[in-house]
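Construct the complete structure from the given sequences, taking the supplied hints into account.
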Amino acid sequence: MSGYWSGILAILAINIIFAYGIFVTATAGQLNLGGAGFMAIGAYGAAMLGEQLGWTPAWTVPAATLLTALIGMGIAFPVLRTRGVYMVLATFAFAQVVTGIILTQPALGGAMGLVVTEYVDLPVLLSCAAAVTLLVFWLTATRLGLAMRALHDDELVATLMGVPARAVQVAGFAIGGGLAGLAGALYAHHFSFVEAQYFSPLLSIYVLLFVLIGGTQTAWGPLVGATFFTIVPELLRIGGSWRYVVFGVMIVAMMMFRPEGMVTRTLLARLTGRRRHADAG
Amino acid sequence: MPDEALLTVAGIGKAFGGLSVVDDVSFTVPRGGRLGLIGPNGAGKTTVFNLISGVYPLDAGTITLDGQAIGTLPPRDRVLAGMARSFQNIRLMPHLSAVENVMLGQHARASGLGALLTPIGWMPRGRWRREAEALLAEAGLDIDPGDVVSSLPYGIRKKIEVVRALASRPKLLLLDEPAAGLNPAETAELARFLRRIADGGTALLVVEHDMGFVDEVCDRVVVLNFGKRIYEGSMAGARADALVREAYLGADAA
Ligand SMILES: Nc1ncnc2c1ncn2[C@@H]1O[C@H](COP(=O)(O)OP(=O)(O)OP(=O)(O)O)[C@@H](O)[C@H]1O
Ligand SMILES: [Mg+2]
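Residue numbers (UniProt numbering), protein chains in the order written: chain A, 1 to 281; chain B, 1 to 254.
Don't take every hint at face value.
Some but not every residue of chain A turned toward chain B, in silico, with C-beta under 10 Å [claimed, not checked]:
id, residue
1, A141
2, T142
3, L146
4, R149
5, A150
6, D154
7, L160
8, V163
9, V168
10, R265
11, A269
If you are wondering where the hints come from, they were derived from the structure by calculation, not from laboratory data.
Quick caveat: nothing in here was measured; it's all calculated off a predicted structure.
From the three backbone atoms N, C-alpha and C, an ideal C-beta is built for every residue, glycine too.
What follows is the structure in structure tokens.
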């Protein structure tokens, strides 16, 4: 495999994990526009543990994931006090604070970034992406996953069915934050370098787009969305600068024609030959 | 024991922006009883449901379920205490399938991390899913349980709401206009189904405009008008009551 394609595969694996992080939170009805902040914490957490304490990736990656999950849990409490667009802005502000802190701390490399010595290779990234995919499919099939999807649809009614709304939403932020942190930790170890500029608002916007355009109704959505958004821009590269135009038009078209995302439950049902009643009626 | 009160509502009140919507309302539902709550549009029936289920805090009064004061508990704890409700406007989760909606109704019974982390989505033979499918079938719903509810017809969705509420195995079932929008055949079938539920020991509190339905399902009625209780007794008594006739039944009972 060429270095070019293995680089794209690595980004794909990281994007899939990252997208699942945003997806888990979104399943419970919360939009997280601070994805880059969580990913940055994972990346810098792993980098610092490796460089300062000499931990190997087998320890830095799980530790960074756990750290980000805990921060996701902590951040959930103030964020969940806000609603709608204010929640989106709160998560956005969180990410800005994270990158702001990184840029002002010489210990974190400031604007110069940090070199990460320990290397994690592509097969590990791909295995992690596969494991996270399975984990999220499992999660959505559990009662916790059902409670999350119910909260997404109707918080009041879910509560009246006995769902502890706040606890489930906090769990959504914790799991989602942890996965974004995992994506960051793997990124740091694979690309051997982290800099605050990479974890920009644009990254948060992109990953949210992966998830929303892929579809939040099923665990297939982020997989399809992340793959689409990672591969298609590369394929469009042959078109030169026009690719931005083509890509932008594709995004708008998808929002218009598939507002619930590319993969919806009705689409899956049709693919697997279900919906006999709807078809008969 | 049969006459012992399951639900006691005592002097409850609610005002919105200074306007009193429920005013000093009291009634009881005996264990296994079937009480109708009727009254003209805007009388405050749905608000009474919202007060009992904890959607709104009480301004006055107390609510007791099975000996436990629940009037100040959060909604979830009231569900755990043994009540479940349906909604006047269908409020199923549109993105979930029929059986998932019913499994959501089981939530109050599935506490603990183990229950939360057990997959119920796959595994068609899993206990929770089997039970939910059986409940749908028992209600006479001839549907594919995996159908997403937004694709199902109105009458079926209306019934799934009742089944979802039943899935928590409540001692008390609150139904807000369960027959609204159903055709006569569907209404009659729903009435028979609710009788069976009541015979199984579940107490019913039913808001409904269809008087024939109330007559068939309930053994007693409370009539509200402008937020006040104006009658409590038998349906026949309600039809004969001057105040009730004036407030509500007047037009079609005369
Ligand atoms: N959240 C609220 N805020 C303000 N007013 C409300 C609220 N909920 C209900 N009301 C008012 O309270 C009164 C009673 O409403 P409610 O829905 O309880 O009546 P109802 O008896 O269920 O009527 P219907 O038969 O039409 O369903 C109405 O005038 C309604 O406008
Ligand atoms: Mg009403």
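Cross-check of the supplied hints:
Interface restraint check for A141(A): the shortest CB-CB distance to chain B comes to about 3 Å, inside 10 Å, so the restraint holds. Look at T142(A): its Cβ gets to within about 5 Å of chain B, closer than 10 Å, so that hint holds up. Proximity of L146(A) to chain B holds as hinted, the smallest CB-CB distance being about 6 Å (cut-off 10 Å). With a cut of 10 Å, the hint placing R149(A) at the interface with chain B holds, because the nearest CB-to-CB distance is about 6 Å.
For A150(A), the shortest C-beta to C-beta distance to chain B is roughly 5 Å, which falls under 10 Å, so the interface hint holds. The interface hint given for D154(A) is met, as the beta carbon of that residue sits about 6 Å from the closest beta carbon of chain B, less than 10 Å. Given hint, L160(A) at the interface with chain B, holds; its Cβ is 5 Å from that chain's nearest Cβ, closer than 10 Å. With a cut of 10 Å, the hint placing V163(A) at the interface with chain B holds, because the nearest CB-to-CB distance is about 5 Å.
At its closest, the beta carbon of V168(A) sits 9 Å from a beta carbon of chain B; the interface hint therefore holds under the 10 Å criterion. Taking 10 Å as the C-beta contact cut-off toward chain B, the hint placing R265(A) at the interface holds, the least distance being around 5 Å. A hinted interface residue such as A269(A) counts as satisfied when its beta carbon comes closer than 10 Å to some beta carbon of chain B; here the least separation is about 7 Å, so the hint holds.
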